[in-house]
Amino acid sequence: MSVIGKNLKFTIFGESHGKCIGGVLDNIKPGLLINLEDLESFMDRRRAKGEFKSKRHELDKVIFLSGFSENKTMGTPLAFIIENKNQNSSDYDNLINTPRPSHADFVANIKYKGHADLRGGGHFSGRLTAPICVGGFFSLQELKEDYGVEIYSHLSSVGNICDISYRDISTCDFKNLMKKDIPMADDKKIEQVKIFLQRLMSQEDSIGSTVTCVVKGLKAGYGSNLFDNARAKISSYIFSIPGTCGMEFGSGFDASISKASENNDSFYYDDGQIKTKTNNCGGIQGGITNGMDIVFKIHFKAPASIGKKQKTVNLISKKNEEIVIKGRHDPCIGLRALPVVESMAGLCVLDLIKSERI
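Counted the way the working numbering counts, the sequence shown spans residues 154 to 511.
Among the hints, a few may not be true.
Derived DSS-like pairs (lysine-lysine); straight-line CA-CA distance at most 27 Å [said to hold, decoys possible]:
id : residue 1 : residue 2
1  : Lys162    : Lys297
2  : Lys472    : Lys202
3  : Lys264    : Lys471
4  : Lys471    : Lys206
5  : Lys454    : Lys372
6  : Lys430    : Lys202
7  : Lys182    : Lys297
8  : Lys159    : Lys182
9  : Lys202    : Lys332
10 : Lys214    : Lys238
11 : Lys479    : Lys202
12 : Lys412    : Lys266
13 : Lys341    : Lys450
14 : Lys214    : Lys162
15 : Lys450    : Lys333
16 : Lys342    : Lys332
17 : Lys208    : Lys430
18 : Lys342    : Lys202
19 : Lys430    : Lys412
20 : Lys450    : Lys297
21 : Lys182    : Lys369
Just the calculated beta-carbon pair ranges, DEER-fashion [to be verified]:
id : residue 1 : residue 2 : range
22 : Arg481    : Tyr265    : 22 to 32 Å
23 : Ser419    : Met227    : 41 to 51 Å
24 : Cys173    : Met227    : 13 to 23 Å
25 : Lys372    : Lys206    : 36 to 46 Å
26 : Arg352    : Cys315    : 12 to 22 Å
27 : Asn416    : Tyr265    : 38 to 48 Å
28 : Asn313    : Phe392    : 17 to 27 Å
Hints in this document: simulated from the structure, not taken from any laboratory. Remember, predicted model here, so these are calculated numbers, not experimental data. C-beta atoms are modelled at their ideal positions from N, C-alpha and C, and glycine is treated no differently.
Could you build all of it, start to finish, from the sequences and the hints given here?
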């Protein structure tokens with residue numbers, strides 16, 4: 154399915170090398186004023202900056218078809234498209250019958266009985282994160298305007314090079330990260346990442362990464378005790394992002410090797426408001442938000458398209474083969490993932506709010 158959401162439904166459509174990609178956002182509030190320059194800047198973040206930006210140069214100009222007029226939402230379904238204008242389909246001519254390792258080619262061929270357009274990844278491509286960013290941008294605007302909720306993220310690691318903890322990054326610093334080529338807070342680590350990625354690209358290889366996301370201002374009480382709880386719901390949205398291979402909330406996997414006395418979050422009163430001294434639960438307890446920041450880390454695998462020779466099979470000859478994937482490849486997903494993560498988090502949290510009026 155390419156539809157997600159209960160009371161804020163979001164649909165995406167299109168293929169990487171098709172005429173266009175797009176989306177429909179249903180149940181966004183009417184009268185939401187949108188600064189189109191801000192939308193353009195948000196979309197620019199997805200392409201990344203500097204020498205590591207996407208080699209596929211798409212303008213990503215959003216063309217609204219319905220639900221939007223005079224820079225305001227109408228409240229009716231918001232439909233839009235983004236034209237594809239910089240495809241190099243010839244790069245994939247030799248891959249029609251040889252599924253690329255760790256791509257969706259093989260399973261898509263089975264699922265869609267050989268009818269899927271898999272050039273550039275087709276409907277499975279990271280190109281489809283562009284409409285996600287459009288839907289996310291509108292959701293983030295409504296969250297901030299109506300509920301005081303803001304969502305930030307940073308590139309927390311590239312390979313073994315780690316940024317400082319999100320706890321040491323102020324809201325102002327989070328905003329400044331949006332202007333950086335490498336969206337890390339520690340400038341020394343940025344230089345290390347640049348050198349590392351340059352060497353990796355010269356070797357025609359890629360690397361995994363992590364992104365940490367923080368949801369600020371969501372009050373306590375959203376979610377459920379078992380099924381469709383807040384943690385499960387957020388996870389379902391985040392795992393929809395291409396390349397996601399893992400996720401952890403709060404102290405994450407460290408909780409599995411910690412004592413309860415180390416990991417428990419103690420309560421205290423702060424001007425009449427109940428807070429926790431630590432936030433190892435990541436803002437969610439028993440599947441329900443507790444009013445603290447919701448914090449989660451997303452693990453991205455290394456982009457599967459690399460220039461090195463790889464082993465695969467030929468679906469026609471039934472023989473083993475080696476392939477070289479031509480094209481314009483990214484060295485690291487995390488560089489471009491921040492606005493996508495924020496968008497999926499925004500879509501999820503707004504749907505959570507609209508589904509449970511507290």
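Consistency of the hints with the structure:
1. Lys162 x Lys297: holds (19 Å)
2. Lys472 x Lys202: Roughly 41 Å separates the two Cα atoms, so the pair is violated.
3. Lys264 x Lys471: With Cα atoms ~19 Å apart, Lys264 and Lys471 stay inside 27 Å; holds.
4. Lys471 x Lys206: Violated. Lys471 to Lys206 sits at ~38 Å, over the 27 Å cutoff.
5. Lys454 x Lys372: Answer violated: Lys454 to Lys372 is near 32 Å, above 27 Å.
6. Lys430 x Lys202: This hinted pair is violated, its Cα atoms lying about 38 Å apart.
7. Lys182 x Lys297: Answer holds: Lys182 to Lys297 is near 13 Å, not above 27 Å.
8. Lys159 x Lys182: It holds: about 15 Å lies between the C-alpha atoms, which stays within 27 Å.
9. Lys202 x Lys332: holds (9 Å)
10. Lys214 x Lys238: Judged against 27 Å, a Cα distance of about 11 Å means the pair holds.
11. Lys479 x Lys202: holds (22 Å)
12. Lys412 x Lys266: violated (50 Å)
13. Lys341 x Lys450: holds (22 Å)
14. Lys214 x Lys162: holds (22 Å)
15. Lys450 x Lys333: holds (20 Å)
16. Lys342 x Lys332: Distance of about 16 Å is within 27 Å: holds.
17. Lys208 x Lys430: At roughly 45 Å apart (the allowed maximum being 27 Å), Lys430 and Lys208 break the hint.
18. Lys342 x Lys202: Given pair Lys342, Lys202 holds - Cα atoms ~17 Å apart, limit 27 Å.
19. Lys430 x Lys412: holds (17 Å)
20. Lys450 x Lys297: holds (22 Å)
21. Lys182 x Lys369: holds (21 Å)
22. Arg481 x Tyr265: 22 to 32 Å: holds (25 Å)
23. Ser419 x Met227: 41 to 51 Å: Hint holds: Cβ distance 47 Å, inside 41 to 51 Å.
24. Cys173 x Met227: 13 to 23 Å: Between Cys173 and Met227, where Cβ atoms are some 22 Å apart, the hint holds.
25. Lys372 x Lys206: 36 to 46 Å: holds (38 Å)
26. Arg352 x Cys315: 12 to 22 Å: At roughly 18 Å between Cβ atoms, Cys315 and Arg352 fall inside 12 to 22 Å, so the hint holds.
27. Asn416 x Tyr265: 38 to 48 Å: holds (45 Å)
28. Asn313 x Phe392: 17 to 27 Å: holds (24 Å)
In this structure, the hints that do not hold are numbers 2, 4, 5, 6, 12, 17, in rising order.
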